[in-house]
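Asks: Quick note on my numbering: the sequence shown kicks off at 120 and runs consecutively.
In short, the hints are calculated from the structure, not lab data. All figures in this text were calculated on a predicted structure; none of them were measured in a lab. Note that CB positions come from ideal geometry on N, CA and C, so glycine has one too. Heads up, some of the hints might be wrong.
No farther apart than 20 Å at their CA atoms in a straight line, the calculated lysine to any residue pairs in the SDA-like style are these [what the hints assert, rightly or not]:
(1) Lys407 - Ala474
(2) Lys141 - Glu456
(3) Lys130 - Pro467
(4) Lys386 - Met314
(5) Lys141 - Asn414
(6) Lys178 - Ala258
(7) Lys199 - Ala258
(8) Lys141 - Asp453
(9) Lys130 - His174
(10) Lys199 - Glu244
(11) Lys396 - Phe310
(12) Lys130 - Val461
(13) Lys336 - Ala258
Taking CB as the label site, the calculated pair distances span [what the hints assert, rightly or not]:
(14) Phe261 - Gly176: 20 to 26 Å
(15) Val389 - His463: 20 to 26 Å
(16) Phe420 - Ser357: 37 to 43 Å
(17) Phe261 - Arg390: 16 to 22 Å
(18) Gln359 - Gly173: 36 to 42 Å
(19) Gly243 - Asn279: 23 to 29 Å
(20) Asp190 - Ser301: 41 to 47 Å
(21) Pro198 - Ser301: 15 to 21 Å
(22) Glu256 - Ser357: 17 to 23 Å
(23) Ser357 - Asp335: 17 to 23 Å
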Amino acid sequence: MTQDLFVSTRKGLFRFQRAGGKWQQTYVAFLGQPVTAFFADPRTGHWYAALNLGHFGAKLHRSTNQGASWDELTMPTLPKSVDKDAPSLNQIWALEAGGADQPGLIWAASLPAALFRNDRNGEGEWQLVEGLWNLPERAKWFGGGTDDTALHSLCIDPRNSSRLVIAISCGGVWRSEDAGASWTCRSKGLFAEYMPPDRREDPAIQDPHRIVQCRDKPDHFWCQHHNGIFFSTDDLESWQFAGPRFGFGVAVHPKDPNKAWFVPAIKDEVRVPQDGKFVAARTRDGGKTFEALANGLPTGFGYDLVLRHALDIDATGDTLAFGSTTGNLYVTEDQGEHWHAVTHHLPPVHAVRFAAD
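Sequences are here, hints too, so could you generate the full structure?
Replies: Written as structure tokens, this is what we have:
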């Protein structure tokens, strides 16, 4: 069986495939251009790639022929206010399919924090999800590492595609039960050490770096927060604290919600591995204990940072991959017991993603 892994980097989109027991680079697109998000739609086979070209702005492309050619799509746009021009959409942070029961629907999440939908496989105009854009609580949000706050995580309930969960940097976790028309904050239990004591538990200013949902147990979520690791077992009625590990990425086993993986670092201005030891962390008991997984990772000092979308797990739950800001790409095929360096020579990695079945 051939496995596909797509790596979005500061200098292009790379495809790696596993065949005959070995991972090999088989494709590159947008060489020299920053690719911020990618996904392969399992419903159509189409590929989507978001780029951030700096002076030339954010761009969105689609391939309908497995990367043989790419077409530029219309970009989502933000609305004008009464007395100001429309703000710039600086980056697309996440792209997701709308669900098996909603053919053609694509979601796009952006910086500044906004959510857009397109019901025509990315063609034509994108619709702003106004229920989120017009939330009164938006006035509390602020940038976490960027000038604007960002919507970076989008989970679609496999039981009902109208149930959406999003995470916003310094804006909290939010749920919609009606495909984005209305939203409720789901940050209860998260806490922010960087805020004054009276606002430490304010749900609308929490800084989740990434949230993921267990595929087969969708009431279970994991969150890598600025102030540690949290989990929810009650469909986001509350979050429980699992430890003060800082990091960005998180992956959860698709069948077993008690298993999750992280790549820890030192928080705030430092943002490198603790004591220069580059390891992955795994819990197999719902956050009660964590193991350091380093077999196959550098044995000396290592200062790789793994960004929020640069850790992913495949549909089997056995194969994981992560890429780092220093251009290293690692894969494990036994849930982290052994890691293999696929390459040390990529540009800085923004995101990694296995192609869905």
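Asks: Can you list which hints this structure breaks, lowest number first?
Replies: Violated: hints 1, 6, 11, 13, 20.
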